[in-house]
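Asker: Protein sequences appear in the order of chains A and B.
Going left to right, the first sequence walks through residues 1 to 712 as UniProt numbering numbers them.
Going left to right, the second sequence walks through residues 1 to 300 as UniProt numbering numbers them.
The hints are simulated quantities; they were obtained by calculation from the structure and are not laboratory data.
This structure is a prediction, so every number in the text was calculated from the model and none was measured.
C-beta atoms are modelled at their ideal positions from N, C-alpha and C, and glycine is treated no differently.
Hints are supplied without guarantee of correctness; some may be wrong.
Unchecked claim - Chain A side only, calculated, beta carbon under 7 Å to chain B, not exhaustive:
1. S422
2. A475
3. S476
4. H516
5. Y520
6. S525
7. G526
8. Y698
Given next are the chains, with one letter for each unit.
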Amino acid sequence: MTPVLQVTDLTVSFGDVRAVRGVSLEVSRGEVLGVVGESGSGKSVTAAAVMGLLPPGARVGGSVRLHGKELLGAPERELTALRGKTVSMVFQDPLSALTPVYRVGDQIAEAVRVHRRVGKEAAAVRAVELLDLVGIPRPGERAAAFPHEFSGGMRQRVMIAMAIANDPDVIICDEPTTALDVTIQAQVLEVLKKAQRETGAAIVLITHDLGVVAGFADRVLVMYAGRPVEVGSVDDIFYRPRMPYTVGLLASLPRIDRGERQPLVPIEGNPPAPGALPPGCPFAPRCPLHVEACDEGEPPLFEVGPGQRAACIRWEEVRPWAPGQRTGDETGLWPAGRHAGEEARPWAAGRHAGEAGRARARGRHEAGARPLRTVLEVENLVKEYPLMRGAVFKHRVGTVHAVAGVSFDLREGETLGLVGESGSGKTTTLMQILELAAPQEGRVTVLGRDTARLGRADSTAIRRDMQVVFQDPLASLDPRMTVHDIVAEPLRAHGLPASGRRVAELLTLVGLDPSHAARYPQDFSGGQRQRVAIARALALEPRLLVLDEPVSALDVSIRAGVINLLASLKARLGLSYLFVAHDLAVVRHIADRVAVMHLGKIAEIGQVDAVYDAPAHPYTQSLLSAIPVPDPARERTRTRILLEGDLPSPADPPSGCRFRTRCPKFRSELTDEEREACVTVEPEVLPVGADQGAACHYAERRDVVRPGGIVR
Amino acid sequence: MTLSGEELAEEAVRDVAPPSRLRVVTRRFFASTQGRIGFAVLALMFLLAFAGPLFTPWSYTDKDFTAFMQPPSATHWFGTLQTGSDVFAVTLRGMQKSLVVGLLAALVSTALAALVGAFAGYFSGWTDRWLSWVTDLLLVLPAFLILAIMSPLFGAGQWVLFVVMLALFLWMVTSKIVRGMTISLKQREYIQAARFMGVPPVRIIARHVLPNLSSLLIVDATLNVSAAILTETSLSYFGFGIQPPDVSFGTLIADGSRTAVYAPWTFWFVAGLLVVTVLAVNLVGDALRDAFDPGAKGRR
Chain A
1 MTPVLQVTDL TVSFGDVRAV RGVSLEVSRG EVLGVVGESG SGKSVTAAAV MGLLPPGARV
61 GGSVRLHGKE LLGAPERELT ALRGKTVSMV FQDPLSALTP VYRVGDQIAE AVRVHRRVGK
121 EAAAVRAVEL LDLVGIPRPG ERAAAFPHEF SGGMRQRVMI AMAIANDPDV IICDEPTTAL
181 DVTIQAQVLE VLKKAQRETG AAIVLITHDL GVVAGFADRV LVMYAGRPVE VGSVDDIFYR
241 PRMPYTVGLL ASLPRIDRGE RQPLVPIEGN PPAPGALPPG CPFAPRCPLH VEACDEGEPP
301 LFEVGPGQRA ACIRWEEVRP WAPGQRTGDE TGLWPAGRHA GEEARPWAAG RHAGEAGRAR
361 ARGRHEAGAR PLRTVLEVEN LVKEYPLMRG AVFKHRVGTV HAVAGVSFDL REGETLGLVG
421 ESGSGKTTTL MQILELAAPQ EGRVTVLGRD TARLGRADST AIRRDMQVVF QDPLASLDPR
481 MTVHDIVAEP LRAHGLPASG RRVAELLTLV GLDPSHAARY PQDFSGGQRQ RVAIARALAL
541 EPRLLVLDEP VSALDVSIRA GVINLLASLK ARLGLSYLFV AHDLAVVRHI ADRVAVMHLG
601 KIAEIGQVDA VYDAPAHPYT QSLLSAIPVP DPARERTRTR ILLEGDLPSP ADPPSGCRFR
661 TRCPKFRSEL TDEEREACVT VEPEVLPVGA DQGAACHYAE RRDVVRPGGI VR
Chain B
1 MTLSGEELAE EAVRDVAPPS RLRVVTRRFF ASTQGRIGFA VLALMFLLAF AGPLFTPWSY
61 TDKDFTAFMQ PPSATHWFGT LQTGSDVFAV TLRGMQKSLV VGLLAALVST ALAALVGAFA
121 GYFSGWTDRW LSWVTDLLLV LPAFLILAIM SPLFGAGQWV LFVVMLALFL WMVTSKIVRG
181 MTISLKQREY IQAARFMGVP PVRIIARHVL PNLSSLLIVD ATLNVSAAIL TETSLSYFGF
241 GIQPPDVSFG TLIADGSRTA VYAPWTFWFV AGLLVVTVLA VNLVGDALRD AFDPGAKGRR
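Starting from the given sequences, assemble the full structure and let the hints guide the process.
Answerer: Set out below in structure tokens:
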């Protein structure tokens, strides 16, 4: 089959910085190529170069051929004729990719009319057809709406509709689901699949999420430091990787389908800056298989198998990292003996791995044997925001029920994961706890003290024992302060001596070099910055640490290191974590118990393995089934429970059960009499297992991550 | 929570001097050529203004009745005025006044702007309303008129009052900018982090809000130095401000400008020193701003 799009030896440089250094790829009709890489690996620049959308300062070399026709250096008029017709693109941020002042239908119609001689009416009809195709309910009405009236997922559907408007041969998707919630991501990926079926186009899917690639791509290209380092079929890449970087990426991913917790294996160090690449193999400084020969020259892509190429001179020795024997035994995809030897498992030597593993074992509690002392208790917490309207005379037009009666407790030494999609109220809950103010309704008890009855001195004392780590370390560290001042700040605030020695001790504790104390946060990489934030949180020896999405702003290879650090600190220092996240895989890895929030209420709460292995609430089930697993074979056999539509507005929640408008059970399984209860009665969290409770009238435990898995 | 013994031994934590912000900023300031030159020139100016008079036999009140409007010579280094005053002596005297008045007024006004703006922005509510009200009130008062009316009070030895009055009419606009920026800074995560850490509000303002506004404040202070010197100059030009027999750059330039064409020494020395002063202050300001800003170029 002749490739539709063929890129050969593409290079892009901005001034002295070589962002893309020799990318070659090809996609055939109906094929999906996944391009995987961390931020700064040059994957988006490659896409822009193919589309001819690079800024004027960029120098491009190599060749990009579409149907055998050279695109690089082609006149702008020809490119314009191709863009949107033969090649189209779906961007990451659907809000900025749609023009806010035009109706959605008109924007799609415009995309049609630019390339085809059709009348206004015909284009409008086609626009409605396309909206219907991508699953927008009531497409005729919605075509007349403006982009801001659409939710993120709906906007991304519109983008896909525009991309397929002219039956393109190639669709380039640049992180199409990164900005979306998991349930919406699942919907959008379904739409993309459908779009591909309809048009038969080749898709280039650029993403950092290996799970999405596993379920969606046929072939995968792994990029590192502006170059492809491994290319192959999706099974080869996931089960038989030959490049240590790929192995490392796979090993550093927390997974929702792994119950027993092996420590993650982080890749040491940071990705190189594009302006300052090491001599030889760019991955050499972080590679456990590094030998002197690696520094001599950049390795070419070796042919390591049929259709698989890897850029590593020691590719024959590289073996996939198998946590224990488990994955190998279970799927039987490679002989167990091959990864038994220590030498064959390059990542076993990871310095943090063993330590975190021990920590894990100690920190873990068996189900039912919860510790006795409570450090945080939230009872029926309610937080509402007024919706105001009017410029001169402000009046209340409604109420946003951000948190509508949430109860949970956190015991000493435990980690409670608070998960939910955006708008579920998890951040509001967190802020209510952190503010230490009297809640609007309900009760918050922190370390045995009711926040409604706290004096100034009391709250200062509690703040000493309760510390917080925010999502984005760059935003939560004062850019004008040195690391020393940042880490010493809580000490000074509570009148403790902030000696250089103490700060150095804290920096060592989180795995940073104490001699870096005089630097500013901007001199560090993302993972190191988050370590600084953790050191600051630990300065006062707190008992409770509130973690607000502590790893979601970090790159995949860095994330594992921070997660391991958190796990080992907890075990060594006896901390309790309230861990707020939207990434369920990370929560499964680190939490003892998990609370799933939906629209300001807790849908399900319980011991983490119980909830993940056998979720009882339909929302938890669909949430878990929506998460892509970095395991192609499993992804192919899984059935997704797709939710319809978006999260209802918290200003106008449905009566009775708040989930019923999206509930697959309500829609297809229940009888009309049974539905009556869902519509009229708001369900309470009721126990369904030893340490598991679900707020559903018809809760039923079910394994959705591993189909056929046994429900204990 | 302490590190276990083995780890302590292993890592051999040294007792390093805490590299706090003050030290780092000072080091970065003096590491830049701009900062060194600016600081040196400003120090020299002060030295000249306050130690210079010791080296000349003439004081600013003395009049040499043997030399009127003489060009620079060995006896009168900068020449003499029409009244027989030694230009060197009066220039130094004027410089003493202008340097002190200019720098102090600028510092006081910027500090006032920073404090009022930051408190209004951070605390909002009634604090904000009151402070904004005062700011608006001072904005609408005609500053020049009030200074002119009050000028008889700035007689001998009352220069402190003069500085305060000058500063009082320079800070309002900056304060409004600071207030706006504080409101947006307050939403930033590091301010929230500090709050949740238990850092008291006043400390947050001092340690987080103000340093993050330092670029603005330093530029403002730099501009205010020139503005204060020039306001003082123009006040003095109109006969308010510094009263004879005392002199300032303003009075000297006013007198000198009339004779500048045929007796350049009566004007150019004063004007030159004023330019050098403002230039040095600008250099210091630029270097300080860079030293405070970790994103600025240059090595730490």
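Asker: Decide, hint by hint, whether the structure agrees.
Answerer: Structure-based check of each hint:
For S422/A, the shortest C-beta to C-beta distance to chain B is roughly 17 Å, which exceeds 7 Å, and the interface hint is violated. Here the hint on A475/A is kept, as its CB sits about 4 Å from the closest CB of chain B, short of 7 Å. Because the beta carbon of S476/A sits about 4 Å from the nearest beta carbon in chain B, less than 7 Å, this interface hint is met. Nearest Cβ of chain B to the Cβ of H516/A: about 10 Å, over the 7 Å cut. The hint is violated.
With a cut of 7 Å, the hint placing Y520/A at the interface with chain B holds, because the nearest CB-to-CB distance is about 4 Å. For S525/A, the shortest C-beta to C-beta distance to chain B is roughly 15 Å, which exceeds 7 Å, and the interface hint is violated. With 7 Å as the threshold, the beta carbon of G526/A stays out of range of chain B, its nearest partner Cβ sitting at about 15 Å, so the hint is violated. The interface hint given for Y698/A is violated, since its Cβ lies 40 Å from the closest Cβ of chain B, which is over the 7 Å cut-off.
Figure legend: structure checked against the earlier numbered hints; hints not met, in rising order: 1, 4, 6, 7, 8.
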